[in-house]
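Enquirer: Sequence:
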Amino acid sequence: MASMTAEPMLEARGIGKSFGALKVLHDVDLRVMPGEALGVVGPNGAGKTTLFGAMAGAFPISSGTIRLAGQNLSGSNAAERCRMGLARTHQVPRPFTGLTVFENIHVAAVAGAGLSITEATTRATGILERTGLTAYANRPAGALGLLDRKRLEVARALATGPRVVLLDEIGGGLTEAELDELIALIQGLQAEGLTIIWIEHILHALLRVVTRLACMAEGRILAEGDPRDVIAHADVQRAYLGSSPE
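Residues in the sequence shown are numbered consecutively from 1, following the numbering used here.
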């Protein structure tokens, strides 16, 4: 359980991001405590994935600061942030399709965490079991169905030994039964104490995991706090749910 008296595990303050003349993020503040699961929702184009990219180091921010366990991440690139304990998944799984499931996880442990071949083998074996992929260890990643590709996306993030995992639309495209399996995996990770920030359009799935919710629109945070309060917020109703309370 997250302690609100502890230092934030990941904190973004005053984040702005412009691509040329287009300003995508406007003075965004967001923080997640150790062991907490924070959900992020908002309409398409709200800036959610751009915020993830900014935190993960995919590109430099235009203004603001990002800290991981109190350490300023300014000047560090995505690979360096990964080594420091910040991992992410992508909306569309990006495995090395010609490698096996085991090899994909092994590469992530070596390249992402800097482990030796022997250490990476031990970690990859454990993560296969942890994510329900043991039976597919020797199968080419390109032959996996969508659910197992998403499991592999999570597994590769875990192979880097993260303190924080950014999950970007991990539930998209799944059936309800498949979504249940994925939620169970994410709930298990949270129960182990992993800190999670999860962007998701499937609100009912998100609410089964997160204890705090933030809603974005037009590059800003509209509301943040208890999920029930955020969903009921008038600005959130208008911007995200397409209605407003009477």
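Don't read these hints as lab results, they were simulated from the structure.
Hints may contain errors.
Label-pair ranges, simulated between beta-carbon atoms [to be verified]:
hint : residue 1 : residue 2 : range
1    : Asn77     : Ala6      : 42 to 48 Å
2    : Pro140    : Ser63     : 42 to 48 Å
3    : His26     : Ala135    : 16 to 22 Å
4    : Asn72     : Asp235    : 30 to 36 Å
5    : Gly20     : Glu176    : 40 to 46 Å
6    : Asp180    : Thr65     : 35 to 41 Å
Virtual Cβ for every residue (Gly too), placed ideally from N, Cα, C.
Enquirer: Next step is simple, just say for each hint if it's right about the structure.
Expert: Here's how the hints hold up against the structure:
1. Under the hint 42 to 48 Å, the C-beta atoms of Asn77 and Ala6, about 27 Å apart, miss the expected range.
2. For Pro140 and Ser63, the hinted distance range of 42 to 48 Å is satisfied, since their beta carbons lie about 44 Å from each other.
3. Roughly 46 Å separates the CB atoms of His26 and Ala135, a value that falls outside the hinted 16 to 22 Å.
4. Range check, Asn72 to Asp235: Cβ separation about 31 Å, and the 30 to 36 Å hint holds.
5. At about 41 Å, the beta-carbon gap between Gly20 and Glu176 stays in the expected band of 40 to 46 Å.
6. Taking 35 to 41 Å as the suggested C-beta distance range, the pair Asp180 and Thr65 conforms, at roughly 38 Å.
Of the numbered hints given earlier, the model fails hints 1, 3; all others are met.
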